[in-house]
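Visitor: Produce the complete structure using the sequences and hints provided.
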Amino acid sequence: MYRTLKAPISAQIEVTEECDNCCLHCYNFWRVKDATTLHTLSVEHIICAVEKLADAEVFDLTFTGGEPLLYPESVLAGASLAHKRGMWVGLNSNLTHITPELASELRTVGFKSILTSLCGPIAEIHDGITNHNGSFGRTVSGIQIALIAGLKVFVNMVTTTANQNYAYETGRFVAELGANGFSVTRATAPGNCPKFKEEYQVSRETIKEHLDILLRLENEFGYNVSVCECHPLCLIGDVARFKNLSRRGCNAGVSTVAIGADGGIRPCSHVSEVYGNILTDSFPESWGRMGRWRDGSLLPTACKSCSYFPLCTGGCRMEAAAKGDITGMDTHATGHWDVIPATEDSKIEEGGLAGAWVLNKTARLRSESFGGIVKITDGGRVLVNADSYQLLRRIVGRSPFKLEELGAEFDFEPSSGEADRFLRMLVRRGVLERP
Amino acid sequence: MREMELGTVSILEDSEMFPDARNCEENCHDCQTDNDHADNKC
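As given, the protein sequences belong to chains A and B, one line each in that order. Taking the working numbering, I'd label the letters of the first sequence as residues 1 to 435. Taking the working numbering, I'd label the letters of the second sequence as residues 1001 to 1042.
Since the hints were made in silico from the structure, they are not lab data. Note that the structure is predicted; figures quoted are calculated from it, not measured. Among the clues, some could well be false.
To be verified - Derived DEER-like restraints, expressed as beta-carbon distance ranges: (1) ARG1002/B / SER42/A: 50 to 56 Å; (2) ARG1002/B / GLU404/A: 15 to 21 Å; (3) ARG1002/B / PRO400/A: 25 to 31 Å; (4) VAL396/A / GLU1003/B: 19 to 25 Å; (5) LYS208/A / GLU1003/B: 44 to 50 Å.
Note that beta-carbon positions come from the ideal geometry of N, C-alpha and C, so glycine has one too.
Guide: This is how it looks when you write it as C-alpha cells:
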C-alpha cells in the first residue's frame, strides 16, 4: 500500500522514561512500570542514536520523553550533533525544568521551537490532571522563560472529560502568555489503561466543538491552531472549513519512527512493538522490518475502500487497539458519508510564475528509489519523481533564476500542463521562493 | 535529449485507486506534517 522509504522522514527520541508529571491521559506505555526500572539514554547512547539517524538521512528529530529536560545534557548533546548533521530539531517538554540559562543553551544548539502541554487555564485543573501540585505554575513560568529566550512555544491541550469544558479559556490564556500557537488534541487511549475510555475519553461531539473553538481562537488571537494527533476525516467532517486541522495523518512506520529510552525502535511513540535497537542493530534493517505498518494489513477494510483514505489515513491504530483490535475502526470514526470534501473553490489562488526564483535555503534533499524527497524546514515534504529530483539537486545554491531559463537549460516547457502544475506546487509549498 | 517529465510521487503505491482524493491536487498525504510542531505549513 505505502512505499517503503529508505528511512523515515522524522523521528522522535524518547530521552528518558522518567517524568515529574503523571498525567492521567499519558500515552507512554511504560507509565505503569516500577520507577526503579525506567530507562534513560546517556549522552553516549544519544550520540550513537543521532549518528545512526543522521547516517540514514532522517530529516527531522524531536526530543521527547518522559520529560527530556530532566536530562538536559543528553538533549543538548544530541541536538547539537543533529543540528550539525543538518537535521531540524524540536523539543517536546512540560517546561517545568527550564531555566533562562538552559533556554539559551537550547537555542544555541539549534532549537527554534518547543511544544509543551497545558491541561487547563488554572492550576486546579492542570495540576489535578498531571497529579503534580505546582506543575501549572512551573509550566507557565517555563513558557515565559522560553519565549523570552526567543524560542517559539506551541501549547497543546490534551482533552479528556476532566478538562473538556475549558478549551476556549485555555486557548485564551495561552494567547495572553504570548505563545505562538495552540492545539487541542483528543487523548489517545493509553494501551495499558483499559478503563481510560469509559472514564475519560471525550465524545465525537465534544471533539467537533473543540474544532470550532480552535477556529474561533485563531480568528480572535491570530496564532496558529492545530491538532497534534491523527483525526480521521469522518470525525473532522468539513475538510475545507477545517483545512489546517485536517492534514495530520497516521505516519507510524511509514514516514516516522520513535526511538525509546532503551534504544528500542518503534513505529510511533504510542506503539510498544519493538523492531530493533538503535544502539546495537542496523537502523535501516530495523526500519525495513516494519512492513505491516505499510502494507495495509493493520487498516480496517472500510477505510481501505474509502475514497478519502489518501487524505485521511484511517485514524489512529492505537485507538483501535484500545478497543481490542488494532485493525478495527478508530473510536471516533464513522464512515465516508460524514466527510464533506474540499471543493475547487477552497483552493488558494496562485500568483504568476514570472520573475526570479531561488530554491528555499532550508530545502533538504534525499534520494529515493522513485526519485527523491524535498523537505522544507518548518514546512512540508514533497515526494518527487526522478526528473524532478535531478532538477532540484542541480539548482541547490543557484543564483536567482527565471523558470523559462531553467526550462531551456534542462529541457522542459514551464508553461506546459504538468510542468506548470508542478512548479506552482513547488511555489505553494515554499520549495521555490522569491530571492 | 528527452524532455524532462516533472511531477510528484504519492507515498501510496496504489494512489490511482483513490480518484476522489484529487480534491487536493498534489495529494495532501504527501504534505502532512511529520512532527508535533504546529508551525509546519502544508
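Visitor: Let me make sure I understand: some of the numbered hints might not hold for this structure. Which ones are they, in numerical order?
Guide: none
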